[in-house]
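*Asks:* Given only the sequences and the hints, what does the whole structure look like? Please build it.
2 protein chains.
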Amino acid sequence: MRVNIKDVSQRAGVSIKTVSRVINNEKYVKPATRAKVEEAMTALGFQPSQAARALAGGRSFQIALVCSNPGAYYLHGMIAGLRGRCAEEGVRLIVHAYQTDTDELGADVLTFFRQMGFDGAILTPPIADHLPVLDELERAGTPYVRIQPGTEVERGASVSIDNTEAARRMTRHLIDLGHRRIGFIIGHKGFPVSEQRLGGYLDALREMGVPLDGNLLQQGWFDFQSGQAAAELLLDLKQSPTAIFASSDDMAAGALSVAMQRGMRVPQDLSIAGFDDTPLASLVWPGITTMHQPFEDMAAKAADLLFSGSDERLVLASDLVERGSTSGAA
Amino acid sequence: MRVNIKDVSQRAGVSIKTVSRVINNEKYVKPATRAKVEEAMTALGFQPSQAARALAGGRSFQIALVCSNPGAYYLHGMIAGLRGRCAEEGVRLIVHAYQTDTDELGADVLTFFRQMGFDGAILTPPIADHLPVLDELERAGTPYVRIQPGTEVERGASVSIDNTEAARRMTRHLIDLGHRRIGFIIGHKGFPVSEQRLGGYLDALREMGVPLDGNLLQQGWFDFQSGQAAAELLLDLKQSPTAIFASSDDMAAGALSVAMQRGMRVPQDLSIAGFDDTPLASLVWPGITTMHQPFEDMAAKAADLLFSGSDERLVLASDLVERGSTSGAA
DNA sequence: TTGAAAGCGATACCAA
DNA sequence: TTGGTATCGCTTTCAA
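Quick mapping for you: the protein sequence lines, in order, are chains A and L. Going from the first sequence to the numbering used here is simple: count from 1 and add 338. Going from the second sequence to the numbering used here is simple: count from 1 and add 338.
What the hints contain is simulated information worked out from the structure, not anything from laboratory work. Glycine included, every Cβ here is placed at the ideal spot set by N, Cα and C. Check each hint, because a few of them may be wrong.
Short, incomplete list of chain A residues facing chain L, as computed with Cβ under 10 Å [to be verified]: (1) Gln388; (2) Leu403; (3) Ala410; (4) Arg421; (5) Leu431; (6) Phe450; (7) Arg452; (8) Thr616.
Stretch by stretch, here's where chain L covers chain A in the computed footprint (C-beta under 8 Å, at least three residues) [as the list claims (entries may be wrong)]: (9) 412–420; (10) 453–466.
*Replies:* Shown next as structure tokens:
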């Protein structure tokens, strides 16, 4: 029924061990022998069973990407960034996307890893900070890379985006454009990135000698609605801002909608900036400026670290993406 | 080193076969025995090796989702829709996302399937129409479900969205709103959905007795730029339309940007409609109306078909999503 | 440079 | 209800 290594060895007139050598591209195989075997393999349409290879060889030829409640763009970027390298390495990517609460999440992931015996793992928040999982992985000798780790940051290889720097650069950019009153919409309380982004904004103001006006700081919750609400408050100010920098793209979109409703032209009357957590670029009204979150790059770097066995801690910068007010989006 | 079935059997004082029975939830195991075995399993932290189960049992406990160049939203929807059912069935989802041209694609997928011996497969375009892959799957006895098949539609189980009906409903909706001059931006030539959507538009006009004006038909290419270009042409018409229906959301966004630049209010001065191929809903200016593409539903239905062994051909409808001109997006 | 035989860790048939 | 034992298809010593 299934074509197996024995069939190939018989047709090629060699032992199965030799076929195995060819499969695994080992040396010490005479070119002529290798050719015979390869001929037999293609003639028979042979493909080695991954299950058997995994069982016998102790390698699964699979790495895991563990994501909990991932956004579409995030997930897509991760997969896109990982795919190429995985293909090169002859390894499959198993996507484990969760929707559960964190408690059972850890146990489930533990089970998952024990069952599958992965050759490696890419962990995204919050599982990247789930210590028992890291313990298990280390115990099993499975290399892993953490994406944007929050606790025990020094532990293992990781890739992060420098959100403070990103917000700082965006703010400087706005100041360079001549803005002095820049409204800032803070992200959801309790998320580390919220504070990091606010910190970057404040840093830039200080560095550039622009005085801080507390009225220009508004609390938001990362979503469209709160972006609208915050923008309303900012634009109602006696001394309203000439630019609004939102800590997320949904909030930036909300701010944009408010500006539009008030008949303001963007960016002529009001500059709006945000973060490209989702593919805002291709959808939203041109004129908005964003810090592009390089999820795909992060994933690609993570793959590099994973396959090179490095345990570096990489920190990536975001790219500032400015779209003209008349040209279309990307 | 690894805890295996033998360790469990010894600790429980039974044979490995009995442990196997417990693992697989077979009957003919005395409750007391089962309890003993389960105690041993948890005490040892035993998790059966998937590789060994796959090899011995002929099942991989994995199903494949094959996508080529998937959009972020599409991929996310598919995974989200599949995940729950896979978890229930105790099966892992292997995501195979491509970026290659179609020729090698087929061969690669063939290799992929032969190596992995999946328990099932979900095929999206264009691989859903790649006949050799279907042949291979059938030969191997692997159940599969095709998403939006285009050729040999009768073959195997499948799930599709009725694009003709979606466009028809949207057009009727616009007519119901009082529009009589509805510009239509056609999608990329050569894509079946482009013709289907145009067909639905034409159907609705005919049914509602609205005369067709050829000037209101403009060719686009599914992207933002061509949406802008088409909208310019439409709005330059002596008798310009009161509504524009674009065959994709990127084109709708392009049309929206043109309307905005011309100082038109949406939807007061111009209604704009599109298709939610990407999560336009949460990002774009409110006022645009879209046909929501239920990717997640499609995937969930596909999972139903796959695991029930059915070979039905399901056709799903899109949902019309209208966002108020003042309220925020979802 | 090649091969024989012993696992890897489960499942499954056939007895008991 | 249980338990031997062959088996799945490959990798891996260890010889030759």
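*Asks:* Against each hint, give a clear statement of whether it holds in the structure.
*Replies:* Verification of the supplied hints:
The interface hint given for A/Gln388 is met, as the beta carbon of that residue sits about 5 Å from the closest beta carbon of chain L, less than 10 Å. Because the closest C-beta pair between A/Leu403 and chain L is about 9 Å apart, less than 10 Å, the hint holds. The criterion of a C-beta within 10 Å of any C-beta in chain L is met by A/Ala410, whose closest approach is roughly 3 Å, and the hint holds. With a cut of 10 Å, the hint placing A/Arg421 at the interface with chain L holds, because the nearest CB-to-CB distance is about 6 Å.
With 10 Å as the threshold, the beta carbon of A/Leu431 comes within range of chain L, its nearest partner Cβ sitting at about 7 Å, so the hint holds. A hinted interface residue such as A/Phe450 counts as satisfied when its beta carbon comes closer than 10 Å to some beta carbon of chain L; here the least separation is about 8 Å, so the hint holds. A least Cβ separation of about 4 Å between A/Arg452 and chain L falls short of the 10 Å threshold, and the interface hint therefore holds. Look at A/Thr616: its Cβ gets to within about 7 Å of chain L, closer than 10 Å, so that hint holds up.
Given as covered by chain L, the stretch 412–420 of chain A passes the check, having 5 residues with a CB less than 8 Å from a CB of that chain where 3 are the minimum. Interface restraint, the stretch 453–466 of chain A with chain L: holds (3 residues with C-beta to C-beta distance below 8 Å; minimum three).
When each numbered hint is compared with the structure, no violation occurs for any of them.
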